[in-house]
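Residue numbers (my numbering), protein chains in the order written: chain A, 1 to 343; chain B, 1 to 321.
Just so you know, these hints were derived from the structure itself, not from any lab.
Glycine residues also receive a C-beta, built at the ideal position from the N, C-alpha and C atoms.
Accuracy of the hints is not assured; some may be wrong.
Claimed, not checked - Below are the EDC-like pairs computed for lysine to aspartate or glutamate, each with C-alpha atoms no more than 16 Å apart in a straight line: (1) Lys129(B) - Asp69(A); (2) Lys162(B) - Asp69(A); (3) Lys162(B) - Glu225(B); (4) Lys162(B) - Asp302(A); (5) Lys298(A) - Glu263(A); (6) Lys236(B) - Glu213(B); (7) Lys65(A) - Glu21(A); (8) Lys5(B) - Glu54(B); (9) Lys129(B) - Glu225(B).
Stated by the list, open to error - Quick list of simulated restraints, FRET-style, between CB atoms: (10) Arg311(B) - Asn205(A): 37 to 43 Å; (11) Ala296(A) - Gly55(B): 51 to 57 Å; (12) Ala183(B) - Phe104(A): 26 to 32 Å; (13) Glu342(A) - Ala87(B): 55 to 61 Å; (14) Glu303(B) - Asn205(A): 54 to 60 Å.
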Amino acid sequence: MRNSANTRFDMAAPMGAHMAEVTLIDALTMAMAWELEHDPRVIVLGEDVGVNGGVFRATAGLQQKFGVDRVQDTPLAEGMIAGISIGMAAQGMRPIAEIQFMGFIYPTVDQIINHAGRMRNRTRGRLTCPMVLRAPFGGGIHAPEHHSESTESLFAHMPGVRVVIPSSPTRAYGLLLAAIRDPDPVVFLEPKRIYRLNKQDVEDNGKALPLDVCYVLREGSDVTVVTWGAMTFETLKAVDQLARKGIRCDVIDLATISPIDYETILESVQKTGRLVIVHEAARTCGVGAEIAAIVAEKGMYDLQGPIRRVTGYDVVMPLFRREMDYMPSVGKIIDVIQESLED
Amino acid sequence: MEKSKLLTAYRKMRTIRDFEERMHVEFATGGVPGFVHLYVGQEACAVGVCSQLEGNDTLLGTHRGHGHALAKGVDARRLLFEIFGRAEGLCGGNAGSCHVHDSSVRYIGANSGVGSGAAIACGVALAAKTRSDGAVAVPLIGEGAANQGVVLEAMNLASVWKLPVVFVFENNGYAEATGSDWAIAGGELWGRAAAFDMPGVAVEGHDFFAVSEAAAELIDRARKESRPAVLELRQKRFYGHFEGDAQTYRGDGEVDYLRSERDCLTIFTDRVIAEDWLTKEELAVIDEEVTTLIADIYEEVKEAALPAESRLFDNVYASPY
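Model the full structure from these sequences, guided by the hints.
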């Protein structure tokens, strides 16, 4: 795993040229447009990504700008969307495929697990699969269950596949560029609840951010809090409230969900002695379980108390009436961080 | 057909037959690691199709892929080394029988997640269309895999996007042990083509000439018009689904009938001699060369080096892991 020492990251990006104040979804569109412009191997494909501009508008305007050969609508057939992307990638193209919602991604699992993630390994690098499978994920927009779930751990269990989740406009831009340029398949999951929640100044300069490293959003020596996706918002709110009481947390945005940058997490736990993991996904076999296991294996003697998790529940994602009961809230996160300090 | 093409076709069919018959024997004596699925009896299918492919066309094989690879021009020695998991194999001994791949002859990774090749072929065809090099992609799909949803999704997309793909269905009668006459509604795969607005043709797969003529027309059309097509080839395999298959699903005397009446090598030989296209002597020379080749490589492979253990963690990702 790469060393993460140089990846300390601040939420406020520095001002510069070509700066625009954009939302997370705008940043994704900007990244795809940059790459379509600068790399002729890049093709965007998916249901309604072309004429319509995408169900969440991530590809709005791209077909008009780059033409139907570069931004292609497909029939509704997710397995095939993944399969054709694999074929394109194996032939040197750089497909960016969109799946409309996480709940519709499951037909692609056969293709991703059996082929995309294994081509490099089984052929010893003779056949590779540099593709991106984008999908909005997570709850909180009052949508039905398969429009709201967080099943990133399914893909994290597949060797050879990267799973990347941005949690701010800046990281959306930089990490999507990195994903497109990565020589291996990337499942790029977009926290749709925060697609338009805030804006940041993002410089449209084609600069990618590193994959396979965590991003440290707050520094403190009391508790390590690891999170990703939309949950970074609740976590930062919780941590900022605690900061007013003098409790200082390291907040680590995992960003690359697989393979995980354990060095940054273990270094932080060495400092704080306490670990809280926050994720929206169901608890059992969630990515938090893996992080807890690794910290228990490698950082056991740095811990001053049990590792704690604030997660969704092991239930079907509830319809909007009970949706917020499912989601880890600011209050729950504060309670658990405070609990961890009592150990 | 030109004489050189006939000689090449015969050499390929003979090589596949001898390669696989020897594999059958070696497997029975415990010399072959893992699973193998033999292509004996179906040689004219892949060889007939490949006789119509150009150098920049891509073939996508299946788990029953030794014959597919050899038909596309993969080196028999390095294929054998791969099946035996040796370091000098086509993929460093890591892909094995079911996932052989060779970019140098545009043979894309054989595929034991059956049916996926149809979708992957569409991506290959789109890449070719983008390059405008007139290349076509040909996925070989068993009739069992033909019932996978992704195959139908791929056929639809290939037609909607006008991709140069010829979907070749190898109907060998059995999806493992399930009869195609039971599992395929309507009994015919070529007929599905019409639903996707593409031509569909079915021919007997034991007849090299019937296969190559049908393939010629469909591949030529795909190349010139960038449109997909379906070719169904009907020919039962002589061995089981995998080596060790008890084949309780076969009819009485079925394999004897196949070997005496539907052997593509016998049918090819009888035809080329009756038509005075090739001589017995010319065929005998090839037989002898192939016999020597197969004996040599099977002897060599048993002594060949295995991959180093330290390679376990290589190539999971491009970056060190």
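Taking the hints in turn, this is what the structure says about them:
1. In summary, the hint linking Lys129(B) to Asp69(A) is supported, as the alpha carbons are separated by about 10 Å, within the 16 Å threshold.
2. Between Lys162(B) and Asp69(A) the alpha-carbon distance is near 12 Å, which keeps this suggested pair within the 16 Å criterion.
3. Between the alpha carbons of Lys162(B) and Glu225(B) the distance comes to roughly 8 Å, so the proposed pair stays at or under 16 Å and holds.
4. For the hint pairing Lys162(B) with Asp302(A), the CA-to-CA distance comes to about 61 Å; that exceeds 16 Å, so the pair is violated.
5. With a C-alpha separation of about 10 Å, the suggested pair Lys298(A) and Glu263(A) falls inside the 16 Å cut-off, and the hint holds.
6. As the CA atoms of Lys236(B) and Glu213(B) are separated by approximately 20 Å, the hinted pair breaks the 16 Å bound.
7. With a C-alpha separation of about 21 Å, the suggested pair Lys65(A) and Glu21(A) falls outside the 16 Å cut-off, and the hint is violated.
8. At roughly 12 Å between alpha-carbon atoms, Lys5(B) and Glu54(B) fall within 16 Å of each other, so this suggested pair holds.
9. At most 16 Å may separate the alpha-carbon atoms for a hinted pair to count; Lys129(B) and Glu225(B) meet this at roughly 11 Å.
10. For the hinted restraint 37 to 43 Å between Arg311(B) and Asn205(A), the CB-CB distance of approximately 39 Å keeps it satisfied.
11. Separated by about 56 Å at the C-beta atoms, Ala296(A) and Gly55(B) satisfy the suggested range of 51 to 57 Å.
12. Take Ala183(B) and Phe104(A): their Cβ atoms lie about 28 Å apart, and the range 26 to 32 Å holds.
13. For Glu342(A) and Ala87(B), the Cβ-Cβ distance of about 57 Å falls inside the hinted range of 55 to 61 Å, so the restraint holds.
14. Take Glu303(B) and Asn205(A): their Cβ atoms lie about 57 Å apart, and the range 54 to 60 Å holds.
The structure is inconsistent with the numbered hints 4, 6, 7, although it conforms to all the rest.
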